[in-house]
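First to last, the sequence lines map onto chains A and B. Numbering (the UniProt record's numbering) for the first sequence: 1 to 199. Numbering (the UniProt record's numbering) for the second sequence: 1 to 199.
Hints are computed from structural coordinates only; laboratory data are not their basis. Only true hints are included.
List of simulated lysine to aspartate or glutamate pairs, DMTMM-like, C-alpha gap at most 25 Å:
id, chain 1, residue 1, chain 2, residue 2
1, A, 36, B, 116
2, A, 36, A, 49
3, A, 36, B, 66
4, B, 36, A, 68
5, B, 36, A, 88
6, B, 36, A, 6
7, A, 36, A, 6
8, A, 36, B, 7
9, B, 36, B, 49
10, B, 36, B, 7
11, B, 36, A, 117
12, A, 36, B, 6
13, B, 36, A, 96
14, A, 36, B, 87
15, A, 36, B, 49
16, B, 36, A, 121
17, B, 36, A, 57
These numbers were taken from a predicted model, which means no experiment stands behind them.
2 protein chains.
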Amino acid sequence: MAEGSDDIQALIALMARLPGLGPRSARRVVLHLIRKRSGQMTQLARLLESVATSSRECLTCGNITDRDTCAICADPARANGEICVVEDVADLWALERGHAFRGRYHILGGTLSALDEIGPEDLGIPALIDRIRRDNIREVILALNATVEGQTTAHYILDALPDSNVTVTGLAQGVPIGGELDYLDDGTISAALRARRRF
Amino acid sequence: MAEGSDDIQALIALMARLPGLGPRSARRVVLHLIRKRSGQMTQLARLLESVATSSRECLTCGNITDRDTCAICADPARANGEICVVEDVADLWALERGHAFRGRYHILGGTLSALDEIGPEDLGIPALIDRIRRDNIREVILALNATVEGQTTAHYILDALPDSNVTVTGLAQGVPIGGELDYLDDGTISAALRARRRF
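Whenever a hint applies, use it, and build me the whole structure from the sequences.
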């Protein structure tokens, strides 16, 4: 037993399964924590316990929250008639960090996949259509990933939306801010050229 | 508040301070854990709490353990007259993974440093000399890092050891297993050439 105690070994094994960590970095993290066992480690244990107990999905949009309704769905200022459809909570977090969107979200929790037997109900698409009808939504922004799966799902939603005066939009495709043309893939360059705009 | 709740944000901030993690990877890890909140996350919280409570330093060698005396110091088979001096618990773990050393350890917990006011007492060097006298040690292996600080500390220990029939050795320096000469630094190549051996 190289690493001190059974619990330490179990902790390293568990840490090594986290995304982006492996056995080497897990050992480093655990040793760092053991050195700070009375402060950082105890605090981390308590926060993990607390978040594990209190976290749940917002009943309206699927966002991670500690209440029935997340802070975004509960904020009356965000009932501006816009709803942004994302694949994942991580995408919602990314959009919120951008501070550009002031409406509400709908989290699909994945993309349509015949192979994995993920259908429209698994993604809450009927619930989305209900929300659009009920909440007087004017614009639906399909902020799905620019992958085949994301775009297939976007087209499915587009077809499934009721005929009404809801505008459906997607994120612009083009050169990322700070991006150098030389390093961009051909598809992005072509898309940016086709969608060129006047100065 | 982009990330769900105050606790989630605090958890991400705490995770981002772990070695090798930053804000982006901390968010990824926390989201992964929230998805597995009833299993992996609760288990991680409990193990962290348990390791934080039970971990302490072995009174003899400084290894991390959950008892007064670590498994290595308690194992009579390892009283073979050899003691291996390392800077850090991570170095002990690395040596144990190599399965080549069957004696006991002494962890310094750092290197001598005038700048940081770390003297021989802070590294337990007097205690090491006591152990060498008391435990009939035949060989002291100074497995310190091949850095200036590590080598300075090694020379200090060498001078401080009592005149006796204790053999003092250091790790061999040379080409790492699987190493390509082309990618090695000049110092290592020169050291390997000077320490060349007959086939």
